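Whole structure, please, built from the sequences with the hints as guidance.
Protein chains in written order, with the numbering used here: chain A, 254 to 612; chain B, 254 to 612.
These are computed hints drawn from the structure, not numbers from a lab.
Some clues are possibly wrong.
If several chains are the same, the list does not tell them apart, and a pair holds so long as it fits within one copy or across any two.
As the list claims (entries may be wrong) - Once the Cα atoms are required to be at most 25 Å apart in a straight line, the calculated DMTMM-like pairs of lysine to aspartate or glutamate come out as:
(1) K604 x E547
(2) K597 x D554
(3) K496 x E462
(4) K604 x D554
(5) K597 x D479
Predicted model only: the values in this text are computed from it and were never measured.
2 protein chains.
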Amino acid sequence: MIPAGGIGSRLWPLSRADAPKFLHDLTGSGQSLLRDTWDRLVPISGEDRIMVVTGRAHRAAVEKVLPRLTDPNVVLESEPKDSSAAIGLAAAILYKRDPDVIVGSFAADHVIRNERGFREAVNEAVAAADAGYISTIGISPTNPAIGFGYIHCGEQLKVEGAPSALLVDSFVEKPDLATAEGYVASGDYLWNGGMFIARAEVLLAQLGESRPALLEGLTALAEAWDTPRRGAVVDAVWPRLEKIAVDYTVAEPAAKAGRLVVIPGHFDWDDVGDFASIGKLHSGGIGDLAILGENPRVLADSSSGVVVAQSGRLISLIGVSDIVVVDTPDALLVTTLANAQRVKSVVDALKLSGRSDVL
Amino acid sequence: MIPAGGIGSRLWPLSRADAPKFLHDLTGSGQSLLRDTWDRLVPISGEDRIMVVTGRAHRAAVEKVLPRLTDPNVVLESEPKDSSAAIGLAAAILYKRDPDVIVGSFAADHVIRNERGFREAVNEAVAAADAGYISTIGISPTNPAIGFGYIHCGEQLKVEGAPSALLVDSFVEKPDLATAEGYVASGDYLWNGGMFIARAEVLLAQLGESRPALLEGLTALAEAWDTPRRGAVVDAVWPRLEKIAVDYTVAEPAAKAGRLVVIPGHFDWDDVGDFASIGKLHSGGIGDLAILGENPRVLADSSSGVVVAQSGRLISLIGVSDIVVVDTPDALLVTTLANAQRVKSVVDALKLSGRSDVL
Chain A
254 MIPAGGIGSR LWPLSRADAP KFLHDLTGSG QSLLRDTWDR LVPISGEDRI MVVTGRAHRA
314 AVEKVLPRLT DPNVVLESEP KDSSAAIGLA AAILYKRDPD VIVGSFAADH VIRNERGFRE
374 AVNEAVAAAD AGYISTIGIS PTNPAIGFGY IHCGEQLKVE GAPSALLVDS FVEKPDLATA
434 EGYVASGDYL WNGGMFIARA EVLLAQLGES RPALLEGLTA LAEAWDTPRR GAVVDAVWPR
494 LEKIAVDYTV AEPAAKAGRL VVIPGHFDWD DVGDFASIGK LHSGGIGDLA ILGENPRVLA
554 DSSSGVVVAQ SGRLISLIGV SDIVVVDTPD ALLVTTLANA QRVKSVVDAL KLSGRSDVL
Chain B
254 MIPAGGIGSR LWPLSRADAP KFLHDLTGSG QSLLRDTWDR LVPISGEDRI MVVTGRAHRA
314 AVEKVLPRLT DPNVVLESEP KDSSAAIGLA AAILYKRDPD VIVGSFAADH VIRNERGFRE
374 AVNEAVAAAD AGYISTIGIS PTNPAIGFGY IHCGEQLKVE GAPSALLVDS FVEKPDLATA
434 EGYVASGDYL WNGGMFIARA EVLLAQLGES RPALLEGLTA LAEAWDTPRR GAVVDAVWPR
494 LEKIAVDYTV AEPAAKAGRL VVIPGHFDWD DVGDFASIGK LHSGGIGDLA ILGENPRVLA
554 DSSSGVVVAQ SGRLISLIGV SDIVVVDTPD ALLVTTLANA QRVKSVVDAL KLSGRSDVL
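As structure tokens, this is what we get:
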């Protein structure tokens, strides 16, 4: 399952309510992150076993990007309810269709390179899921990143088919640099890639343990999903579901209960959280300048950073280092790689000032 | 006379071939630099004694900005021929109309504040011109600017009505910082404001001494100007005129010959040569951020520099210091105040690459 929900506010004005991050090509691959995710999962599950959970407003865009996505595998949210509801509903529907199913949740807007390493990690995660654990995949950190959450690994497990599985000791929020350096040096920490693999039954049970009312709602939805009652039940139930991230309802409680394992993944991964990430990922620009956009017209003189050219205008940079320029038809952002995390504050300010026309 | 010719390449993409610097409001005054110049000269000469020399392409725009400019006072150039031809033709026409006339040439795109100080300097310059000198006005430097040319002052003169007149020893090109500091410390140097005041007869004689063929052409044009033959003579003569700055044909030779005096001017002056100058001139922005444009939509978070908002788009700046952002409908420039002088290199590069659509 691919929850395709987040807008990606730190990538404004590229990412918008009507053009969320997962619909953009942020890597220069020539296609959207969502399609990259789909292509990565097809060899694992097959095309007919990938479910996408997205907002009603994005249905047409998602179906355009994923023409092989079948109708029973599209789950539309009438309003955003965060990841517990999105992942939980998909799991509940799939559980209803097949009580033995093992599900995996993979973000629509992350970047993964070395797909073989990814598949090897998923295979181990599935084996651990088959043994009754909830599995996640942690990425071996290549640098003391401060923009990611970390997983503190515990003891080695012995699970057939998952030789590298470790118990998860705990999750830790984005650290400061000194802490991150300590994490990387210790070898006991992995980046939290936000991927979950489990028997649907186990996942739902864990969710129900934390949030019985939420599970009850999701179960009611799943019961009605493949029937003519779907619309009525969605209207009655979905708006009342608790809005909460799956980290709090599944991952952290499962870790505390010793039911969460992590498979260390040996592949390049990035959540492309901000324009600085894009700068790291993207190549093919002028010198140290990453240039994104269709037919970009950029003239750069001793400049570095990231340019996103979406307006068709000529963009000229002179002597600006580590700059971020995002040029769209109705909004322009100029900041620096070091300030890339602060972009969300602009979005918040625009919301507060009622200028939602550019959000 | 107001020669209104230069495009102002270092102010690209604000200044363009079809929207030259003198047509822009660069100070926040609410009107163009050309109109500011007109308003400054009206109290000195009266509306009917201001002549504007400009390109044919700018006629409509100039007449819109200066609705009181009368037809006999518009001199249109069929192609740019630099300042000797522009100023020389205006002087020759005015000399033909009135052989005793004293003329003054004032750039269309400079900024002057303290107009009383300006008028006092002009009055002295006129008195010196009446005594047969060619007068210029030098501005007492307030800082060791490296973006201006300087006038090296010589001995004090005794001219009735021009008590502060000094002989000009020489003109010096834009200096480096150490040299500029020496100039300012010595007290013997003034900024060259590029203003000339002289009897038309004297100005033309000086020009003829340097460039007899140029004077001959200008005289032929002036003879025909107020007759039905104007068009034919312009077509025949103007294209063949030498293209050369008045500095080389009048100012420097006159200084060498001891015929050039300078009146030290005590007023704020700037040639607004680049976006860094605009930053210094403009007030009314957010903190240290100068914002130009009609109804600018700018959201700035801990940023400083200059923003020119011409496209109507929302412009958001986060954590960029001393930045220059010029946002126009078809071209965007991002640079820094320190690199403002390098903007011309972009214009040159665009010319070379044939992208004149944005010039």
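The hints, checked one at a time:
1. K604 x E547: between (29 Å within a copy, 23 Å between copies)
2. K597 x D554: Classified as between; 12 Å across copies, 29 Å inside a copy.
3. K496 x E462: within (16 Å within a copy, 87 Å between copies)
4. K604 x D554: Between copies only: 15 Å across, 35 Å inside.
5. K597 x D479: neither (38 Å within a copy, 66 Å between copies)
Of the numbered hints stated above, the single one contradicted by the structure is hint 5.
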